[in-house]
Amino acid sequence: MTLEIIGISVLWLFLFLYVIVASIDFGAGFFNAYSAFTNKQHILTGIIQRYLSPVWEVTNVFFVFFFVGIIGFFPLTAFYYGTTLLIPASIALVLLAVRGSYYAFATYGAKINHRGYIYMYGLSGLLLPASLSPVLAMSEGGFIKMEGSQPYLDYWALFTSPLMWSIVVLSLTAVLYISAVFLTWYANKAGDAKATDLMRKYALVWAGPAIVTATGIIYELRDHNPEHFSRILDLWWAFAISFLLFAGTVYLIWKRKNYGLAFILLVGQFFTAFFAYGVSHYPYLLYPYLTIYDSFTNEAMAIALIIAFIAGLGLLLPSLYLLFRLFLFDKDYVKGKSDYHA
Amino acid sequence: MGFEDTVLLSRILTMMTLSFHILYATIGVGIPLMILIAQWVGIKKNDDHYILLARRWARGFVITVAVGVVTGTAIGLQLSLLWPNFMQLAGNVIALPLFMEVFAFFFEAIFLGIYLYTWDRFEDQRKHLLLLIPVALGAAASSVFITIVNAFMNAPQGFDILNGELVNVSPLLAMFNPAMPTKVAHVMATAFMASAFVLASIAALRLVQGSNHIYHKKALLLTMKLGFVFSIATALIGDFSGKYLAEYQPEKLAAAEWHFETEGEARLILFGVLDGEEPKYAIEIPYALSILAHGVPGAEVTGLNEFPEDERPPLWIHYLFDTMVTIGMWLAFFSFVFLFGTWGNWAIITKKWFRWLTVAGGPLALIAIEAGWWFTEVGRQPWILRGYLRTSEAATTSGQVDLMIILFAGLYFILGVGTIVVLSRMYKRNPVEKELADRQKGGKGGDPE
Numbered sequence: 001m002t003l004e005i006i007g008i009s010v011l012w013l014f015l016f017l018y019v020i021v022a023s024i025d026f027g028a029g030f031f032n033a034y035s036a037f038t039n040k041q042h043i044l045t046g047i048i049q050r051y052l053s054p055v056w057e058v059t060n061v062f063f064v065f066f067f068v069g070i071i072g073f074f075p076l077t078a079f080y081y082g083t084t085l086l087i088p089a090s091i092a093l094v095l096l097a098v099r100g101s102y103y104a105f106a107t108y109g110a111k112i113n114h115r116g117y118i119y120m121y122g123l124s125g126l127l128l129p130a131s132l133s134p135v136l137a138m139s140e141g142g143f144i145k146m147e148g149s150q151p152y153l154d155y156w157a158l159f160t161s162p163l164m165w166s167i168v169v170l171s172l173t174a175v176l177y178i179s180a181v182f183l184t185w186y187a188n189k190a191g192d193a194k195a196t197d198l199m200r201k202y203a204l205v206w207a208g209p210a211i212v213t214a215t216g217i218i219y220e221l222r223d224h225n226p227e228h229f230s231r232i233l234d235l236w237w238a239f240a241i242s243f244l245l246f247a248g249t250v251y252l253i254w255k256r257k258n259y260g261l262a263f264i265l266l267v268g269q270f271f272t273a274f275f276a277y278g279v280s281h282y283p284y285l286l287y288p289y290l291t292i293y294d295s296f297t298n299e300a301m302a303i304a305l306i307i308a309f310i311a312g313l314g315l316l317l318p319s320l321y322l323l324f325r326l327f328l329f330d331k332d333y334v335k336g337k338s339d340y341h342a
Numbered sequence: 001m002g003f004e005d006t007v008l009l010s011r012i013l014t015m016m017t018l019s020f021h022i023l024y025a026t027i028g029v030g031i032p033l034m035i036l037i038a039q040w041v042g043i044k045k046n047d048d049h050y051i052l053l054a055r056r057w058a059r060g061f062v063i064t065v066a067v068g069v070v071t072g073t074a075i076g077l078q079l080s081l082l083w084p085n086f087m088q089l090a091g092n093v094i095a096l097p098l099f100m101e102v103f104a105f106f107f108e109a110i111f112l113g114i115y116l117y118t119w120d121r122f123e124d125q126r127k128h129l130l131l132l133i134p135v136a137l138g139a140a141a142s143s144v145f146i147t148i149v150n151a152f153m154n155a156p157q158g159f160d161i162l163n164g165e166l167v168n169v170s171p172l173l174a175m176f177n178p179a180m181p182t183k184v185a186h187v188m189a190t191a192f193m194a195s196a197f198v199l200a201s202i203a204a205l206r207l208v209q210g211s212n213h214i215y216h217k218k219a220l221l222l223t224m225k226l227g228f229v230f231s232i233a234t235a236l237i238g239d240f241s242g243k244y245l246a247e248y249q250p251e252k253l254a255a256a257e258w259h260f261e262t263e264g265e266a267r268l269i270l271f272g273v274l275d276g277e278e279p280k281y282a283i284e285i286p287y288a289l290s291i292l293a294h295g296v297p298g299a300e301v302t303g304l305n306e307f308p309e310d311e312r313p314p315l316w317i318h319y320l321f322d323t324m325v326t327i328g329m330w331l332a333f334f335s336f337v338f339l340f341g342t343w344g345n346w347a348i349i350t351k352k353w354f355r356w357l358t359v360a361g362g363p364l365a366l367i368a369i370e371a372g373w374w375f376t377e378v379g380r381q382p383w384i385l386r387g388y389l390r391t392s393e394a395a396t397t398s399g400q401v402d403l404m405i406i407l408f409a410g411l412y413f414i415l416g417v418g419t420i421v422v423l424s425r426m427y428k429r430n431p432v433e434k435e436l437a438d439r440q441k442g443g444k445g446g447d448p449e
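Residue numbers (this note's numbering), protein chains in the order written: chain A, 1 to 342; chain B, 1 to 449.
Worth flagging that the hints you see were computed from the coordinates, not collected in a lab. Owing to the predicted nature of the structure, the values given are computational and were not obtained by experimental measurement. Beta carbons are placed, not taken as given, at the ideal position from N, Cα and C, and that holds for glycine. Any given hint could be a false lead.
[Said to hold, decoys possible] Listed next, the stretches of chain B that the computed footprint assigns to chain A, with coverage defined by at least 3 CB atoms under 8 angstroms from CB atoms of chain A: (1) 59 to 70; (2) 84 to 98; (3) 102 to 110; (4) 114 to 122; (5) 385 to 398; (6) 403 to 410; (7) 414 to 422.
Sequences and hints are given; from them, build the entire structure.
Right, dumping it as structure tokens:
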């Protein structure tokens with residue numbers, strides 16, 4: 001295993017973790033807003049606030065970890081993606097600010113539960129994946145072009161691209177699906193039958209669209225990036241496993257059985273698909289300009305980063321375990337029996 | 001839009017984000033220690049006032065942290081968006097502390113979540129206090145790592161450039177650069193100092209507004225003590241910073257001091273205006289610059305004329321330096337008078353005008369923080385990486401920076417106003433007098449809900 005592969009694997013893993021935890025966060029906000037809209041807010045708000053408020057900063061760090069890490073391991077990405085992502089990334093930052101300020105102002109602070117704010121917060125949960133996911137489309141090539149020695153983003157090509165739109169739609173359906181499955185489990189643990197039913201319904205509603213749009217992307221890639229497409233076909237078995245895991249989740253949710261296992265299967269489904277996609281993308285970070293080899297940092301830095309990563313992980317894993325034990329797996333806390341907020 | 005413009009616009013946007021973020025970051029680094037001390041004093045003296053003080057600070061703190069997280073993410077990403085050429089170079093040499101900063105922040109965020117949501121969950125208060133230690137450590141470590149990156153920009157080392165290629169990169173050497181010790185110490189000490197004075201401000205404000213509760217008096221005395229201790233520390237470290245500058249970045253010191261000719265027995269110039277190379281209406285302290293630079297009244301201090309004109313920082317950083325130093329000195333002096341007066345039972349410290357001066361301490365400390373960062377950043381110009389990369393060569397070529405300035409200006413405005421409105425509403429709805437009464441009635445019910 002080369003240093004390059006270790007580097008990209010670590011980053012890809014953290015991106016995956018971000019996709020899962022952020023999807024839960026984004027989707028929950030949307031469901032919360034939707035239930036406020038349909039006047040069922042009391043069903044979800046408590047659960048969402050109990051789970052999300054203590055952990056959203058941690059969620060955000062996964063994102064920061066990814067972009068700091070990629071500059072560290074692959075500094076040349078700063079040149080290509082930094083120059084071209086000014087607008088999409090700035091929009092994403094503003095949307096992240098909407099979410100952060102909702103937690104700060106509405107749940108920690110003076111409890112501003114104005115409807116407009118709840119809607120804005122919910123909407124930002126959909127707009128964020130929509131503003132971040134086009135980066136995946138850009139990495140397929142054809143959208144970032146060179147003018148002399150300077151890269152620029154061809155917005156027209158991007159916005160008229162079926163590939164970009166199918167990735168955006170996938171990100172939305174995936175967010176809602178992941179979030180609904182998780183919250184079904186969480187609500188069930190909290191012993192809240194009404195919320196469980198509602199979230200179970202959402203999970204089943206969004207399962208179909210999620211799998212259809214995921215398949216759609218592979219289809220779109222055939223025209224857009226044949227090289228990548230053929231590498232995906234080589235990995236068909238991984239996608240088949242992913243599909244079986246998906247079927248397992250849907251079955252369990254449908255039968256109202258073992259929601260915890262359903263969520264674990266879902267993580268497995270996305271994990272296999274995400275890594276199969278990543279492996280098929282190898283070695284490109286940006287078709288056709290940037291591979292993990294020509295953008296890689298020097299060896300001394302790479303080794304230093306990996307050591308720091310291992311040390312950091314030694315610090316983080318026990319802490320995360322403590323966090324989850326106190327909030328996710330603590331029965332009284334989950335059920336809302338105890339309120340220990342400062 | 002020309003390339004020249006994007007450099008200026010990128011600088012404006014970075015300046016905006018950093019100036020806004022630094023307020024939250026400073027508080028974010030300093031306040032956990034203040035909470036820690038208050039809670040510890042409370043447990044030790046078995047005094048519920050200090051415990052409540054810690055708890056109420058924590059409630060407000062979490063709001064500033066959330067906004068700090070948002071603006072911190074913004075600056076983290078903007079570094080790559082606005083300065084891609086710099087980050088590409090820096091990524092190769094100084095990525096390590098950036099990476100470690102994320103871990104430190106991770107650590108802090110996890111324990112902050114736990115700390116906030118576990119008040120009164122443990123029988124033993126000390127267990128709860130233990131959870132705050134990783135928060136304070138994580139916050140401090142984040143600031144250490146990020147300051148190391150800034151130190152590297154001022155005194156880059158740990159690599160060689162051979163035919164345009166980076167070679168012999170040593171991440172540790174890059175981290176432990178000559179600017180690092182003084183800069184890290186200065187940032188930490190001032191963060192504690194500013195946080196103490198901000199909290200003192202709040203306590204003093206409640207006293208000015210007519211409350212005569214012992215709770216506020218205890219809060220004020222504790223924070224003024226801490227403010228005094230850290231302002232003395234800041235002054236000492238400031239002296240070392242001057243010696244660092246004289247040795248490694250003489251052009252920054254010379255521009256800040258309007259010191260043009262290399263000479264011994266150099267005077268320190270405070271304020272004034274510049275007429276050619278001659279300061280007018282300035283306060284001049286003989287030998288002081290030589291002492292600041294080298295510790296000896298006769299020592300020779302390098303003048304600005306030794307440097308080519310296109311490598312000199314702008315001369316207006318003089319005022320930034322003066323603002324920073326004057327406020328720092330004033331706060332050290334003022335807190336000293338306050339403490340001396342308290343012990344001696346002087347009448348003056350309970351006078352309204354004196355309380356107002358105490359209230360002014362918090363905002364002044366934050367102004368000094370801003371002036372200090374502006375000084376160090378503008379004072380490094382024209383370099384983004386001193387001696388290697390000019391700011392003008394590092395900016396993005398993207399043409400939409402102007403739109404982003406408007407976008408982020410709006411965002412920061414809303415976040416800033418939101419913070420003030422939410423904080424003041426939160427404390428107004430649940431004043432300490434009411435909370436103390438509630439606690440006596442219902443045991444531990446301190447939640448605003």
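* Which numbered hints are broken by the structure, listed smallest first? -> When the structure is compared with the hints, none of them turns out to be violated.
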